[in-house]
Structures are given as C-alpha cells and as structure tokens.
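Undergrad: Please put together the full structure from these sequences, using the hints given.
Each protein sequence line maps, in turn, to chains A and B. Quick note: the first sequence, position 117, residue 117 per the working numbering, numbers continuous. Every position in the second sequence, counted from 1, becomes a number in the working numbering once 1000 is added.
Since the hints were derived computationally from the structure, they do not count as laboratory data. If you're wondering where the values come from, they're calculated on a predicted model, not measured in any experiment. Accuracy of the hints is not assured; some may be wrong.
Stated by the list, open to error - Residues of chain B clear of chain A, computed beta-carbon distances all greater than 10 Å:
no.: 1; residue: Pro1016
no.: 2; residue: Leu1174
no.: 3; residue: Gln1327
no.: 4; residue: Lys1522
no.: 5; residue: Gly1575
no.: 6; residue: Trp1621
no.: 7; residue: Leu1708
no.: 8; residue: Ala1721
no.: 9; residue: Pro1736
no.: 10; residue: Thr1770
no.: 11; residue: Pro1776
Stated by the list, open to error - Cβ-to-Cβ under 7 Å is the rule here; a few derived chain A residues that face chain B:
no.: 12; residue: Ala187
no.: 13; residue: Phe188
no.: 14; residue: Val258
no.: 15; residue: Tyr264
no.: 16; residue: Val271
Where a beta carbon is used, it is the ideal one built from N, C-alpha and C, also for glycine.
Here is what each chain is made of, one letter per residue.
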Amino acid sequence: MNSFDHFTPATLTEALSILAERNGNASIIAGGTDLLLRVKNHIVKPAAVLNVKRVPELRALSFDSNEGLRVGALTTLRDLTRSPLIRDCYPVLASAAGLMASEQIRSLATLGGNLCNASPSADLAPPLIALDAVACLVSLSSERQIPLAEFFTGPGRSVLQKGELLKEIIVPPPQGKTAYLKHSPRAFMDIAIVGAAVRIQQQGGKCQQARIVLGAVAPTPLRVRSGEESLEGQTLTSEVIRQAAKISAESCSPISDVRSAAWYRKRMVEVLVRRGIEATL
Amino acid sequence: MTDALIGQRVPKLDAPSKAAGKTIYGHDVRLPSMLHGRILYSRYAHAKIIRMDTSRAEKLRGVKCVLTPKDNPPHRFGYGKDNKPFKDIARSLRDEIAGVVATDADIAEEALSLIEVDYELLPNIFSPREALSEGALLIHPEHKSNLFQRYNYSHGDLAQGESESAVVVEEKFLLPYVSHVCMETSVVVAQFDHRDHLTLWSTTQIPFLLQRDLSEALGIPGSNVRIIQTAVGGAFGRGLDIYPYEPIAALMSRKTGQPVRVAFSREEEFLAGPARQPAEVTVRAGAKADGTLTFRDASCMLDIGAYVSWGTVTPLVMMETTASLYQVPHARFTADCVYTNNLITGAMRGYGNPQSTFFIETLMDRLAEALKMDPVNFRIMNANVPNSETPQGLVITSCGLKECLEAVAASADSARMNVYPERSRRNEGGRLVLSEVEGMTVTANIKPSPFNLQPPHIKRGIGFASTLNVGGGARIYRSDGCGATVKVDDFGHVTLVTGSTEIGQGSETALAQIVAQTLGVKIENITVLNSDTDIKPWDVGVHASRTTFIAGNAAYLAAVDARNQIFETAAQLLGVGVDQLSASAGQVTVRDEAGKSISLEQVARRRHFKEGGKVILGEGWYDPPTQLVDKDTYKGNISAAYGFGAQMAEVEVDIETGKVRVLRLACANDVGHAINPMAVEGQIEGGAQMGLGYALTEELIVKDGKVLNPDLLDYRLFTSADMPIIETRIIETDDPGGPFGAKGVGEMGGTPTAAAIANAIYDAVGVRMTQLPMTPERVLAALDEKEKRARV
Ligand SMILES: Cc1cc2nc3c(=O)[nH]c(=O)nc-3n(C[C@H](O)[C@H](O)[C@H](O)COP(=O)(O)OP(=O)(O)OC[C@H]3O[C@@H](n4cnc5c(N)ncnc54)[C@H](O)[C@@H]3O)c2cc1C
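TA: Encoded structure:
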C-alpha cells in the first residue's frame, strides 16, 4: 500500500546528490535482507528508496601490505566467504560470514548493510572491530574516516548523518590471529545469542596486543578493554586466559529476552572468550 | 500377481508437479472477481466489546464491507460448540472481532486499523490452575466450569502395583506449546452461488466433517456445502477442525456476493492458528526386582485455551501410551482439559503421543537405571507381543516392538564403536551438500568428530525410546470409515475415487499401488481423484495414521469389485471359468493356458458397448471392526491394528554451553508391510525432523496470552543443516487386517524422539531433562543444578 519513489543511481555522486536532495529521507537499499523485512512489517515507511547496487565506487576489494584491506560496502557475505584475498589474509572474516544466514541470503546480503543496520547481534561487527577496522563515510560535501568501534551508537543507530553513506571499510594489515565464535541454538539460519571476537598478537611468548569484542550483549558491539589489558604483557597461561574470560563476562550486562536469559549470555561470554583466545594460540 | 508393485520404491505421483512449481495450492486459487478478507483480532485477552465504529474503515477506497458480531448467524460451532465467527466477548488475543472485505488484501489490512473499538476489560486467566481455583471467573459462563473435561482411566489395582514394586520412580514434566508451522499458511476461498450453495476451496483434513461443521456454523443444510480440497502445503493436524476464519470467509462471500479469499500471514499463522497443548504432568512408575513392570500413574493438566477443538481429545492417546505401551498390569491416567485466556490449541501429528511417550519413556529409562538393567533388555522383556490384548482393551494383532528394539540396539553398537554409515547411501533423497565454507563441506548430516579428537567439554551418549501408535485407524467419530470407487474406462485406464485426503504423506501413491496391483495394471494407468466432496465418497478425514490402512482397504475392496466385473466379462469372452483368470500387465490371462488372454481395454469395451451394457465400476466401503472407547471407562479397541517403533539417539553435549547436537537417530518401525518403502522412510524422516524440533528447539513462548516469538527466526525449526544422520529400518510383520499387510506409520517418526534424546543426554552427562524443548540454557541450568547437589 505504501508507495515510494525508487532511484537507481549509477555513480556515487549521483547517489549522494539524491540523498542530499531528499535531506536524508531516503532509505538506502543494498541486499535488502534487513530493510525489506522492516518495510513489510511496517517498522519503516520509506518515502524514497535508493538502490545503490549499481554504484561501482562501493565495490572495492583490494589489499596492500602497508595500508591493508579496502572492502566496499556492497561486498556480499558470499564474496567474503569465497574471496581468496579475504580467505588468505583475513580468514576470520570469511568464517564469520560463513556462519551467517544461508547460502541464498549470503548471496544478497552485504557488508555495508550488516554494519549500517546496526543490530547488536550483527556478526561482522565484532571481528572487524577486533581487527581495528575503520569506516569510510561519504556525503556530497565531505568524506570522513572513523574507527568502526565508534560507529555504533545504539540498536539500529550509528554515527551516519543525513546525506551520508558508508563507502567502504579499511582493515589494517593483519596482526596476530583473530577468531570469531558465535553461539546460537541452530547451526545456521540463526542469530547470535552471543558473539565474541578475539585478536591476539604475541611476541616473545607474551601477548603484545589483545582485542576482545562482544556482540549481542549490549546495545552496540562491546569492546572489553579491561579484559584486553589483563592479557597484554602476559604469558597466556590457562589461568590468565580464564581470568580474561571472567572479566569479559563481568564487564557486560546483557538483557534477558525470548532468545536467552541474561545469566546464560554472561556464561556464554565467558566460554566464548576463553575458547576464542585458545583458538588464536 | 507377478509384477509386484507392492513393496516397490515408487516415487510419489505428485512429486514432479510439486518440484516444477505447477501444483495448485490453496494460496494459488484465484477466481474471477475475487475479493480479499482480513480479520481484526482482539487487542485484549479477555474483554467485552462495548463499542465498535466501522465507519472510517467502510469509507476507505476499495473496501466492500465490514463485518462485525452483528453479522454472526445465531449458531455456535466447533468441537465444544463454544465458538462464533466474530466475538462480542473476546476470550483470547486471537479472537476475531471484525472483518473487512476489500479489492485487495493490503486495503483490507489498512481498513482494519481504521476500525475503532472500545473494550471493557475482564480479568485474565492465563494458568489452568488459576482457572480451576474456587470462584475463578468462568471463561464460557454457559459451560458452568473452566474444566472442559476430565479424563479418568484406570486398570488393575495401583496399590497392589506399588506394593509389588522393588523400585518406584516419580517425575514432573513440563511440555510446551508448539506449532505445526506448515509451509503453507492457512487459506480459504469461499463462494456462494445463485442457489445459495457454498463452495469452499480449502486445505482441510476433514472435508466431510467440515461440510457438517459449516452447515452448523452458517445455518444452512450440509447438502448446500461443497468442499474442494486444493493441494495441501502441510497439515500435521492443523486441518482437523473448523476454525472461525472459514465461516468468516463464507459470511464475507455471502455479504458481498463475490468469492472471498482469506489468507493468513506467517505471523497470523503463529498467533491465530492452533498449537499443541502445553501440559504439566506428574508420573510415577514401578517395577519388580526382576524388571517386570508393576504400575504407572500419570496425571496431566492441559491448557486448551479459549475454545475447544478436536485437540482436546489427545488425552485419549496419552492414556493409551500410559496404559498400553509395554505390558503394564496396573495403571491410572487422569487429565484435566482446562479453558484459559491463552491461545487456541488443536490436534497435531502424534495427537498426544509425543508428549506421553516423552514422559513414559523417560521413566522407563529411570527404572532401568534403578534396576541396573540394560535399557534395551529391560524394554524387550516388558514389550507388547503379537496376538495379545492389553488391559485397556487394545487388541494387538501383529507386533514387532521387540524387533524394532533389537534393530536400534544394533545401531547403538555401531555408535559405541564409532562407526558411521556412508554419507549418500542412496541417490534418491540422499544427503545433500549444503554449502562450502572455508574449505569445510557442511552437509545435511552432522559430521561427528572422531572420539579421540573430541575436546574434553564434549560428552557423548546414547538413548532409547519406543512408541505404540494406532495403525489401523482410530475410532473417535462414530464412523472410522472410508469409501472408494474404481472405474476402468475403454482405454483400460483406471480411476480411483477415494474419500481420503492427500496431505503430502504420499497416500495417493500408496493407494494407486494397491489398485494397480489388484487390477494388474501399471501405476501410470491409475488416476487418483480425492479432492471434491461432490464427487468422492465419505471419509472421516486424514488423521491417526489411518489412510493407508483404512482408505487402502476401501480401495482394495473397490478394486476387487471392479476385477470381479472384469473377470465376469472376460470369462464369457474367453469361454473359461472366472476362477481360472488372473490380471497382470494390463491383460486378463487364463491360468495354466499359455497365450490365452484378453486386454483390459478390450474387456471394458466389450462390456460397455452394447445394449444392456455395463460400466466397470467397483465400489468399496471399509469401516474397521473397532469400537469407540467406553465413555466412562475409556476402554475399548479403538484401532484395528497397532504400529510400533523404537529410536536410538546418539548425542553430543557441550557441558560448557549446554548445547546438544544429535549425531545419529536410528529409527525402526513396524509398519506391517511397506507398500512403498521410500514413502515410509519419508514419513519417518519427516516425523523425526518434527520430533527433533520438539525435543530441542521448538517452543511458542507465550506470556500473558501473547506469543512472543511469532516468526521463523525465534520459533526454531530444525533445518536441513541441523539434521543428524537418520537411519531408518523397516520391520515387517504383515498385519492380517491391513491392505497387503500394511499398518499406519504417519505419526510414529517423531513420537519417541524427545525421549530418546533426553535419555541420551542423561547417558552423556547425567542430567534428566524434564522440560521441553531441551534448549542449551535449560541443559546448562540442569548441569549447574547437578553440580550444586554434588557439592552439598
Ligand atoms: C534469513 C536471514 C538470516 C540472517 N542471518 C544473519 C546472521 O546470521 N547474522 C547477521 O549478522 N545478520 C543476519 N541477517 C541479517 C542481514 O542479512 C544482514 O545484516 C545483511 O548483511 C544485511 O545486508 P543487506 O545488504 O541485505 O542490507 P539492507 O537490508 O539492504 O540494508 C540494511 C540497512 O543498512 C542500510 N544500508 C545498507 N547499505 C548502506 C550503505 N552503504 N550506507 C549506509 N546505509 C546502508 C539500509 O538503509 C538499511 O537500513 C539475516 C537476515 C535474514 C533475512
């Protein structure tokens, strides 16, 4: 019943002009696997829909050993699971994407959509934050880069301003090993009850740098700095690992909902963080 | 009979058209000038409608009319005669209070939001206990009590059973709401013609009872109602009752004078469709030191929701498992079916049996443990046996329970030895590769890791459970019959018209095999018609795993009748006696006289084409030699045969997360004789998929009468990626009453699954799960509890 204007720009400038013209009141559609559900359920009633799938500037996928990875917003989850580049340099992104949805959905769903939808349980956010990824946001008048860790502001909310879109993600060259573990009742086609990404960089038998990032336990993906600090400079004995896992569980205060009770989410944080660290050793 | 079609792996006749997307389902039906109806449900679980203003909705462009309780005919309908199309007192959040007809469904939907309703709130009752408490508000005042029905069964002497017991175990169980989740949501198209006759395109399982129900609901003669059944995209018991949306569609059509379609959204299906009754159950059971069972005592409280359905009869089946699965000398079973302001409940595959088998077989395991006996041997020594009668009055003819248990015990041995079957055992329906992620191939079968590579937090276990299920119909209506006719035309083509209903279970194919075998023709020469009450003879409906047995017998009788007519003419033409003839390969041949034969089509033509000629039209009516249970004692032989089965589940439990992975499910079923082994396997595998979901993931979470997870994300079905290796074994016992020895199998596949898994979990980690589904959270809580107890 709701009719809306539909645009299919062919260039980034064209897309940004339409966004500016509409003063931000246009819904960007990429794969549509999040947006269309919300339209159907009358959660959003867009006056205009901007299909960005033809915009070539959003399709970057390149690697440079100094600058790292540039991966465009339109990269599909299927691309992430298949790209030799991703699989060689950032295998955690390929495996995280492989845990999402189903083959059919992965062929449509995009990286940009997963991040901009800003669901607390979005599976790509924790591993990307653990990799110190940076988001490139563009509007007609400006282009800015901000750490992905600062991108999310609440469930369904991000720092994206009116007229702005996510162009690509930049991931620094891989340092150490990264793991992402997802806990969900079903093997596939399920949402994370808890997601945990861990990156550990070791030198001389000691942990030099650590990242612990949790999904689905807070309004936004949660970086557990106290847990990271408890690891850095330490030899990663099982005692040290257990301690970091415990700190991680204590530092989050998840909610109880139909998917899980809060106590269970906390327990899973502890288990996943411990197993995640172990997986990087 | 040389060309043995019986026992062949015949692909389902309806499969190619379904695979090609050409089958006409209910959602595909479009009639000229068809309108669309949508239903407004109550905002409150218990409230009186004191004012309704429909004027804004009526003014919306495209809206044809709005219906309210004022449009109700004066009659009540439904199993408990407690329902009306539109309610002026809402008793649950799924109560229909108004409806809109419009030129498209979106307009109708928008119009719903323009209807203004003022409610006067009434106190809510969301728990059966509260509903039964002194002075509780009556949900249906005319019923005088919120207790709709109490089942009270017993045989033997419980006190004696207790006193003879060396071990006694007791447990409390909590069973959830689950939904059928048919791929096709509820849908109906209704049309009144100029004679005021109603035609309903429907996905019902009970076309002839629905005719009667609708005539009651609408106050028109049953002879004015015609039901046309479309292809059914899943039923599983959902279609066993009349639901308000059906008379509502009819009222909408009558008011507008045009055909009206009412189709549920997925969310509506979860909210307004029926669910399996949740129940609270307390069970005690005992055994002698030598392992002989002494007694069982089960009492259940079922929340049936705001309106009664045929689902309220499920305690009959729970009673049967309690009293008659294994030999139980003393037994008692009680069940209270209680009205509440919760969602409506209905019949669902297994009809009480998945519930009762879960609690009975869990206690069987506890008894075996208390006696320090092998769980399989303990079951075998108490197993039902052929040609026996249970104290409840079930007359057991063929019985392969022991063989089923032995078969799954063999699978348990390979599980213990860490041996796994070849992946694609067979190409038809063999396990598929689902996806490739990171070089790992993920198949529909879970791939178990070798024992020695298993991390210490993963524990393996195996568990067993059996099942007893009606396999020769179930008399819950005064007739359990089915009619059939078989016509042979002048091309030698055969048309079977059967009263029974195809709901995807493959009955068309099995019935075609029976008729083709009897007439000696190829399966390609058979057409099965089964979808129009104006054409087909009566049948009580598709439920209780009854179609192959009952409709199979009826089809067989009709085919024999047709064959007699064929032989009569052929004997004259060939100048031999009728008893010398046999039918095969489309020919009637004279036995012992090679070369002397006549084709079926020739016989047909010679019989038809003359003055005083006759058609070849056989008829059959089969109503099994069974009884309605006695209304006071609940005893009686409800079915002409009983099916048996056993399952073995092999599981892995992650003791840190509580997550249970089923690695293997071995299923052995006594089906009498497999008319079509491929279809039998399909029924068992499909049943297992539902049983796995019931055991581990499926639950409608209901709070204050409201479903909190009405979608396929948070209502978790088992997907192909979660499916374990399923080993199906068919045990054949050739039942004397079944067509070609067959018994029913439609429901057994999922019945023992939850119990087998619960017992396997116990074997793995030593906790007894007594609440379904056994989610990771519940398993972990049980493990915590066990640890706490160990510390004290
Ligand atoms: C069956 C199913 C299973 C799923 N399973 C998972 C899962 O396991 N894990 C998981 O995390 N998610 C899952 N999802 C959610 C969804 O598929 C993913 O979040 C997906 O990555 C979204 O991408 P999209 O391209 O389809 O987004 P869209 O629906 O096109 O867009 C989502 C949102 O992002 C905005 N947007 C998109 N691109 C941009 C851009 N370049 N700049 C600014 N804004 C933009 C849109 O306006 C919209 O608000 C599942 C969804 C379904 C339907």
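Undergrad: Hint compliance check: list the failing hint numbers for this structure, sorted ascending.
TA: 7, 8 and 11
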